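4 protein chains.
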Amino acid sequence: MQNSIGRLFTVTSFGESHGKCVGVVVDGCPAGLPLAGADIQKEVDRRRAGEGTASTDRREKDRVEILAGVSGGFTTGAPLCLLITNEDINDADYESIRFKLRPGHADYTAYVKYGGFNDWRGGGRFSGRITAAFVMAGAVAGKLLDLIGVEIIAHTVEIGGIAAKAVEFDEIKKKAGADPLRCADPAASKKMAGLIAGAKSEGDSLGGVIEGIAINVPVGLGEPVFDNLDGDLAKALLAIPAVKGVEFGAGFSAARKKGSENNDPFVIRDGRIVTATNNAGGILGGISNGMPVVVRVAVKPASSIAREQETVDVQKMESAVTKIEGRHDVCIVPRAVPVVEAMMAVTLCDFAMRAGLIPRVIK
Amino acid sequence: MQNSIGRLFTVTSFGESHGKCVGVVVDGCPAGLPLAGADIQKEVDRRRAGEGTASTDRREKDRVEILAGVSGGFTTGAPLCLLITNEDINDADYESIRFKLRPGHADYTAYVKYGGFNDWRGGGRFSGRITAAFVMAGAVAGKLLDLIGVEIIAHTVEIGGIAAKAVEFDEIKKKAGADPLRCADPAASKKMAGLIAGAKSEGDSLGGVIEGIAINVPVGLGEPVFDNLDGDLAKALLAIPAVKGVEFGAGFSAARKKGSENNDPFVIRDGRIVTATNNAGGILGGISNGMPVVVRVAVKPASSIAREQETVDVQKMESAVTKIEGRHDVCIVPRAVPVVEAMMAVTLCDFAMRAGLIPRVIK
Amino acid sequence: MQNSIGRLFTVTSFGESHGKCVGVVVDGCPAGLPLAGADIQKEVDRRRAGEGTASTDRREKDRVEILAGVSGGFTTGAPLCLLITNEDINDADYESIRFKLRPGHADYTAYVKYGGFNDWRGGGRFSGRITAAFVMAGAVAGKLLDLIGVEIIAHTVEIGGIAAKAVEFDEIKKKAGADPLRCADPAASKKMAGLIAGAKSEGDSLGGVIEGIAINVPVGLGEPVFDNLDGDLAKALLAIPAVKGVEFGAGFSAARKKGSENNDPFVIRDGRIVTATNNAGGILGGISNGMPVVVRVAVKPASSIAREQETVDVQKMESAVTKIEGRHDVCIVPRAVPVVEAMMAVTLCDFAMRAGLIPRVIK
Amino acid sequence: MQNSIGRLFTVTSFGESHGKCVGVVVDGCPAGLPLAGADIQKEVDRRRAGEGTASTDRREKDRVEILAGVSGGFTTGAPLCLLITNEDINDADYESIRFKLRPGHADYTAYVKYGGFNDWRGGGRFSGRITAAFVMAGAVAGKLLDLIGVEIIAHTVEIGGIAAKAVEFDEIKKKAGADPLRCADPAASKKMAGLIAGAKSEGDSLGGVIEGIAINVPVGLGEPVFDNLDGDLAKALLAIPAVKGVEFGAGFSAARKKGSENNDPFVIRDGRIVTATNNAGGILGGISNGMPVVVRVAVKPASSIAREQETVDVQKMESAVTKIEGRHDVCIVPRAVPVVEAMMAVTLCDFAMRAGLIPRVIK
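Residue numbers (the working numbering), protein chains in the order written: chain A, 1 to 363; chain B, 1 to 363; chain C, 1 to 363; chain D, 1 to 363.
Source of the hints: derived by calculation from the structure; they are not laboratory data.
Note that this is a predicted model, so its numbers are computed, not measured.
Here a beta-carbon is modelled for each residue, glycine too, at the ideal position from N, C-alpha and C.
Straight line, CA to CA, 20 Å or less: simulated PhoX-like cross-link-like pairs of lysine-lysine:
{"hint": "1", "chain 1": "C", "residue 1": "K190", "chain 2": "C", "residue 2": "K165"}
{"hint": "2", "chain 1": "B", "residue 1": "K190", "chain 2": "A", "residue 2": "K257"}
{"hint": "3", "chain 1": "B", "residue 1": "K191", "chain 2": "A", "residue 2": "K257"}
{"hint": "4", "chain 1": "C", "residue 1": "K257", "chain 2": "D", "residue 2": "K200"}
{"hint": "5", "chain 1": "C", "residue 1": "K190", "chain 2": "D", "residue 2": "K257"}
Output of the computed footprint for chain A on chain B, the stretches with three or more beta carbons under 8 Å from beta carbons of chain A:
{"hint": "6", "segment": "98-105"}
{"hint": "7", "segment": "110-123"}
{"hint": "8", "segment": "206-214"}
{"hint": "9", "segment": "217-224"}
{"hint": "10", "segment": "238-246"}
{"hint": "11", "segment": "256-262"}
{"hint": "12", "segment": "306-315"}
Isolated chain A, as found in the complex:
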């Protein structure tokens, strides 16, 4: 088990889907940062189930509590403990299917690894619910990154095979937040919504692709050769349930280009060195180059579907059929968008601290 991430800005996750709470300890946050519950609540609210067809009907108030590390409205330099108490829990939903391994979920691997003692209710530690706590940590990281001008936005670029058209950062910022599917291309979003409605009626689910972009990232973040900016971003993003792939800049399409096409020429613009293109996704040699850091994650279709699925009853060791009755998202992509932002923020914040760019005391 290893539930901590980050070297100087260290996030420790705890809690379960159907336990008492989900939470994080954030260690390494500088003293003097103004921090109120509302700062964090705002981000958590963005992740909560919306009204859209994409999302579960589970409704949590998800009220953020700051248990430690803040005094008089400012961080103290001590570890933060941030908590959300679980409220809307219904164990019974899962009891009947406990030993019928849900395909695509961690039921089987957790059963073996933890000898059946894992909290299986609602996926326990493996539920998307714990990402609510990631978002709390991301909110703190985001406030620290604000101090050095780094801005992060993620948006839905694909659902069910429908790709959004590429738009500029400012337009993403303006449109993605308002869109129910977090997509900056309204036309594509509409088609995606149609697909989601269809999948729902079929008791099926859809996946998609989320793109995260960080701008104003200073040159020099990343600690090669092993703690590369891309390596640690990938690791952080793969902690989000359902993410099955990560690519930077041109990513997999770079593999199909020639060097003369893929290399980003250096040019001087406004007295600064930039690259004319950004196939590198803002990272060269594991270190940020000052261009936007661009990462895309592949989100598999939600594993919980309303259809009957073939599986195994692990207790009886025999074939079985499972049908997941509980609440579940048809497409988790929109809800994962703020989680992508959070994990990017946590990672970039750690590297900014390692580079000495964020002071130990905020004044």
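Model the placement of chains B, C and D on the given structure of chain A, informed by the hints.
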């Protein structure tokens, strides 16, 4: 800087392309493992420049030395220090282009991060050369994984847009090793070779995709929620220069599937629980599920090309043109294949130790 | 800031003396350990203020809550979150002396390090109060060590210069727990109590020495050359406020012996290799040798005294006089005894896991 | 096994007493530090066997090699690899006593832990010889600490029960370096030398106490509650073979004082806050307070003595007598003095980097 990876099986990298040596310290290797220089040499030799058109003309003997941690032919439990002395070095190759930032390389980011003090000769720490040392660590990890039956193979599945046809593990094992491009599909390999020859004549370069597969991986490797098997594999693989994306199982294509298509049904086979398909790539909830662990990495086209490229002279802060005269690979994909295997081995070995599957003393 | 300790059994501390709570996240606890709040409560109760003259009048119920990581009475393999809500808080006690640096306390160093943003009420993070949370972690570690037969006991061996006479482990076990000063020598305890009463009437405080002993420690715990058993024990024990020295076995007195006196001869007893004496304190080369692990810590006299003390007002930057009115212990030694046990348990448990002696799943 | 120490300035140790070499990888050293082999050689030479009666007759040239991390006379930001090749090795010295466990040494614990595969020649990893490599790392750390004015000196304060009289820092600096026993009190040194001569003639050995002092330490080093300055110093110092105790400031004598005696009053001097006394040894709450950091370590008498000793033959599992014929120090205290300085430097440097006081690039 962070040049160590792994929690219990810890690999620390040092050395530069054009310095005295490249090396690794491997800490945490159990005592009692039979280990000779030849065991490691064998793997390093596989990585060395071959005769094919894909590779550089730099010829290193790359003779492996064990400086510490082995006594009487067995590991002692003390850290291993494994070294390759650099022999075929020609600093002059790079002198003239020192300040003309090579597009696609880490020249600019390293220049800023290390204030110009970085060893720029041949890319220094950012050269593919340091992966020779990764391979040494991988050779040790591979021997430990042998003890529990885990077998790892990587192969070229795409170069320049030409995709190899999918074949079974045993056929990959038989054919990929013998193929100059490490491709298990001879017909595709031939086409790839043609593209490489073409790119060479144009002074250009090509990228591709490498697939790594680990079989017989025990159920239960991975330490969620942050030290996931996929997360740490991705991080380790992104330490290989030129890798721009990583995906597991169905990966990005999973994003285009429905849940009913993508979920791998559990079935009982020979008294064991397996999945009928392997879209998960052997990993559920960040933990191995006993199916083959399948990962694909996108390798960008080599940044060093023989053509003139627009760039900036960072010392004069003015536009410049650079032409890289030195030796360089047209396509590094084949040479990166054993490095993918090495980084998979290092990561899996660490998780096997964390799961308590490899004893502290080998008997 | 670094509030985590332990490599496989990792304890993360949070909370403040006069904040909402003190707590720990315990990551790495194997699944399947029976664990109830009462198991932990029992240990916390031992640390609470007693009726004796040595202790503060602050009375906390210190009710232990398990927020995460336990389901159905067993650990799940997920991180534990253990919490004690602070109840008996009176901020006003400290307001008047906020900027008058209390000698011997961390007021000055915390003020500088955290830019005055540290939670200064009751010492905040630097209060002995946070050791209540250490004890919760120690209770879990202790249960794991039970599985392999390791038993830990600490006792008061000196207060105010009065030394207890040496007694056997079993007698310590029988007597120290019952003694109000945790001293196994009733005659010495009586004298110590007299000194404490005297110091109290003078508005002064006393220090002392605590000895911790672990028996049935398997041979082989410790990971040289840097993660030595003694090194990590010392680090863990120095996290207890007021500890100013740590010694193992003969410790500082070994410095005055000759090799022929200090070397512990190896002998065979009951078919096992033991040492005839135990000047080494159970540790050779940083590794346990199977003899009792014996460590002593020097506890300085409590810094809070009722007398007027010369100091500086850090806000006005002028000389000042401070008089600490609040509740405080005359001698914290007895209350620190269970904390020494807890930190020993946490450290030994981590090393036992690293040595592969505690299974990942308890059956 | 864990052979790395330090979070941002990370030292990884490798090598054995009678293997090919001893060495370190130093990761995290900022770029731009002027560093020549001679800088390191100078420190290593101080540790080498002197002419005095205290030391072994083993004579090593101990020539320092920089294998990586330096280019053009400056550190590059890449990991340093520093090596000393072993030259004066005579395996035969130890062959006859291989299985006869030397009392006081790690022979038994290493035998069990590493299943007999450990390199037993000359103690292998457990030899004082590996501290030559610690000194190399300390030399680098010392150069970084120079940049912020921190100065470290260690000296012998006790040998064989003879205590040196207390003198001021400047006098220690002037006298200890010149004294063959590294003692700043010539009269005491003379008596110590007499004791050593006596012990030598009796085939016995002596221990002692070393005091390390760091001045000009900025206020604020240390990362509570677990990575305390004192905790990490103690851990680093306990990695020196033969150290059995560590105390800070008044240390164990603080346990015998009253609070009114032990508390150091704060006073303003030259516009800065200092303490009138330094019982705290420069550390309050795990954080440096600007006063000299004062630490004392108890060094046990050398375990290798020329006398016959009772022991066990671990292979035959029967009682045996061992007589250590090889070269060995009568008193290792003087040789350990530069090692204490080195470990203090490594630790303080790491904390200075964590506090953001040493830039990532030295200009």
